[in-house]
Amino acid sequence: MTRYLVRRLLLAIPTLFGIVVLVFLLLHLAPGSPASAAGSPEAGRRVSAAAREEMRKLYGLDRPLPERFVKWIGRVARFDLGESFVDRRPVSERIREALPATLALNGLALFFTLAIAVPVGVAAGGRPEGPFDRASAVVLFALYSMPIFWAALLLQTLLSVKLGWLPLYGVSSDTAPAGLAGLADRLAHLALPVTCLTYASLAFFARLVRAGVVEARSQDFVTAALARGLSRRQALWRHAFRNALLPLVTLLGLLLPGLLSGSVIVERIFAWPGLGRLYFDSILSRDYPVVLGLSLLGGVTTLAATLAADIAAAIVDPRLREPA
Amino acid sequence: MPVEGGILRRRLVGEPATLNAVLQSSLPEQQVLQYVSRQLLDFDARLDLVPGLAERWEVSEDGLEYRFFIRPQAVWEDGSAVTSADAVFTIHQITDPKVPSPVFKPLFEDLELVEPLSASSFRARFRDRDALHAYAFALPLLPERRFSGRSFLKARENRAPLSNGPYRLASWKTQESIELERNPRWFGAPGHFERIVFRIVPENAVAYRAVVGGSLDEAWIDQPLKERSAKDPRFGACCRVVEFYNLDYNYIALNNRSPLFSDSRVRRAMTMLLDRPAIVSSLYHGSARIISGPWAPDSPAYDAAVTPLPFDPAAAAELLDRAGWRDTNGNGTRDRDGREFEFDLLSSAGSTIGGQIDEVFAGDLARAGIRARVRPLEWSAFVARVDSGDYQAASLAWAASDPNPDPFPYWHSSQFPPRGVNNVFYSNAVADRLMEEARRELDPAKRREIYHRLHRIFRDDPPVIFVANASQKYAFRRRVRGLVTSPLGLYGFWPGPLSWWGVPDDSVTGGRAQ
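Going down the list, the sequences are from chains S and E. If you use my numbering, the first sequence corresponds to residues 448 to 771, in order. If you use my numbering, the second sequence corresponds to residues 175 to 688, in order.
In isolation and in its complexed conformation, chain S is listed as follows (with noise of 0.2 Å):
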C-alpha cells in the first residue's frame, strides 16, 4: 500500500508541470494582451499603441517567453502566486476571498445533488423499466434538457420578482444582520443558485448510480442474497448499492475539484463573489497572475483528488491493493 502510495505521488509531479506548462502556454499564446484588455468596450478606446507598449513593458510583457516561466515557476516554488495585473493586489490573497463563496455553493449543491441522485437511482435500478424507472427518466432528462441561464432567469422571475420568497443575487442583504437571522439570510441567498446548479447534475449522478445498481442485481451474489431470505430493499442496498459505489467513489474524485472552480453562468447571473467569475474575468482581461494561480490550484486539487480517490477505491475494492 506504501509502495502504490509514493508511485501515485512521484507520478503526479510531472503531471502538474505539464498541466502547468499548458497553461501558461495557451494563455500567452492567445491574441491579445493585458494592454489590449485595458478601456472596456462601455469605457472607449483612447489609448494609443504606443501608450499600450509602455502598459505591456510595466507588465514585463516585453521579456521573452522562456524568461517569464522561469521567472514564474520560481515564484510558485517559494509559494508566492504574484500580483493581479488588474488590481496590483497579491493573487492568493484575491483566491482566498473568493473561495468561500464558491465552496459554500458547490458544496451545497453536491451535498443536494447526492442525497437526491442516490436513492432515486437505486430506486430506480431496482426495477429497471419499472414505472418509477420511466418516470425518474422523463423527469430528469427534462431537467437536464434545460439550459441553466433560462432555468435561473424563470426561477428568479417567479420566485423573487413575483412572490418575493426569496433574494434576487448577491451572499446577504445590504443590511445583513448577525447572529442567526445573519446565517437565515445567507441560506435563503444560497436556495436559488444551489438549486440551479444541483438540478443541473442530478439526472447525470442518478442515472450512473442506477446503471451500477442494474448491473449488479443481476450478478449472483445478489441472486443468492436474495436466497438467503433477505427481503428486496436490503438485497439492493445492502449488496447491489455497494458494488455501484465504486463507480461513484472514483468519480467523485473527479468532482471534488469542481468545488473549486466554480460555474460562470451560475455566479454571474446570481452575482456570486466566486472563483468562477474571479476566472472568467481574469481571462477576459488577461490577467496572467491570476489566471495560473486558478489553474495551479485546479491542477493540485484535481490531483489531490484522483490521488484520495485512487486510495479510497483500493479500500473499498481489495483487487485493487495489490497491483499484478
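Treat the hints as calculated values from the structure; they're not laboratory data. A couple of the hints might just be wrong.
Quick look at which bits of chain E chain S covers, simulated, 3 or more residues with Cβ under 8 Å [claimed, not checked]: (1) 185-195; (2) 338-345.
Below 30 Å or equal to it, Euclidean Cα-Cα: the simulated DSBU-like pairs (lysine-lysine) are [claimed, not checked]: (3) E:K400 to E:K647; (4) E:K347 to E:K620; (5) S:K609 to E:K400; (6) E:K405 to E:K347; (7) S:K609 to E:K647; (8) S:K504 to E:K272; (9) E:K272 to E:K347; (10) S:K518 to E:K272; (11) S:K504 to E:K328; (12) S:K518 to S:K504; (13) E:K405 to S:K609; (14) E:K347 to E:K328; (15) E:K328 to S:K518; (16) E:K647 to E:K405; (17) E:K347 to S:K609.
Label-pair ranges, simulated between beta-carbon atoms [as the list claims (entries may be wrong)]: (18) S:Y591 to E:V677: 40 to 50 Å; (19) E:V677 to S:L634: 27 to 37 Å; (20) S:S620 to E:P678: 10 to 20 Å.
Glycine included, each C-beta is placed from N, C-alpha and C at the ideal position.
With the hints as your guide, set chain E onto chain S.
Frame of chain S, contents of chain E only:
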C-alpha cells in the same frame, strides 16, 4: 422641494479594479469616483467647463500656459487642505511612464511642465497650442501625503480613497457591493441621499429584474429589455424607462491602407451600400439617428446641414465600376487586377447589435458583388488586431462620450499607430490642415465653423462608414427624482447623480418596498 435622506441603490456592471482616480479605466470606477473624488474643473450638462475644486483659471495669450486657483475651502476627508502640491503630484503620476493611466495620459502627452505657484495655485505649460487643452483639467486630484514613500500602484489608498467630494467610502465587499456615506467635511451642498449603495450585478437581465423587484433603483437596459418593460405591467407600476441620446456612435472602420479601401470612391460606395434607414427602423426600432460624420448629432461640432449619404446601391455600383472594381471573370464577385473584392469584417463578440449590423451589411454587400465574411472576436483579441492595423474592416463603437470634439487624434495623418490612434490610416491633406487650424483657433464660434467644414469633408471623403447614434436606456424606479440627462449621459457631468433624490418607495407604488 427635494426629499433629504434615504438610500440610493445603484448598479455596477463589474467590480472596480481600483478607486485611484488616476488609474481608473472603466465605467464602474468612474461611477463610484464621481461621488468621492471632485475634479479641478467639470463639464456641466451643456458640455461647458465650470469650476470644480479650482474656483477659477487663466490661460496665457499664446494659449500654452494655464494657471489654476484652488478654492480655499476645499478639504480632504481628514480636514487637511487640497493644495497645489496635490495637483502637481497627480499630474506627475499621470505622465510617469511607469503608471498606467489610460484615461488621462493622452490628455497630457504634450505637457512641458507643471509646478506650484503658491499653496493653492499652480501652472501647467504645454508644448503645442490646443484650444481645448483646458479639457484635460476635468481632472480628479489625489492626496500627495498619502502616497509618499509608497508604491503608487500598490498603495492601500487605491482601495480606500481619501475623499474630497460629497460622499466617502463606507465599505467595499469584493465582487459584491460598495457603500458610500456622506462626507461630513465636504465643503459644498450635501448630496440628497444619506447613503449610496452600489451592487455589482454583471447580467443586464438580472439587473432589470432587480429594479422591478426593488433591490436596485436604476440599471442600464438594452433594446430587448426596453421592449419587455413596455409589456410588463409590474414594471409600469413601479418603474419607468429613461431614454436619451449621448455622444456615443458606432461605425465600421475601413483600413485606408488596404488596396480595397484606399480609394475614396470605394469608401463612399461602401457607405451607400449599408442600409442605414433599415438598420435604424428594424434593429434599433427607431431609437437611433443616422450620422454623417465623426460626431453624434448633439455634439457642437456636428453640422445638421450635412445630410448623410443615402442608401443607394445603384449609385454605389457605379462608383465601384469607376474605381475599377468590376466582375470580369463572371464569378459574381467584383475584382480588379486579379484581386477579388472580399474581406473579413471583424466585430467584437460581445456586441449583439454590432453583430446584427455586420450581418445585414454582409447581405447588402453580397448583392453588390462584394464578399464580406463576418468574424466575431473576443474583445481583447479584437482590439489587438485593430490597434496594430492588422484588419480590413472592423465594426466599432465610439463609447467614450468624450465632450472634446477634436478630431485630430483620430483622423489626422500624423496620428497613425503606434504613435496615435488613427488606426484606419485616414489621410486627407485638406482635412489635416483644417484640423490643425481648429486646434489653434481660440474663438469657439470660429472653431465650430471649421468643424462644420471638416464635417462636410468627412462625409464626402469618408474615412470609415459612420452608422448611427443610438439612444441610451435606463430602467429607473419611479421613486428616484431630479434626474437630468445630458449628451454626456446621466453621470458624465456635474452634478449628474448628485442632483438625484428619492421619495420612499411605498409612496409611489402603494406596495411594500424591499
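- Query: What hint numbers does the structure not satisfy?
  - Reply: 2, 4, 6
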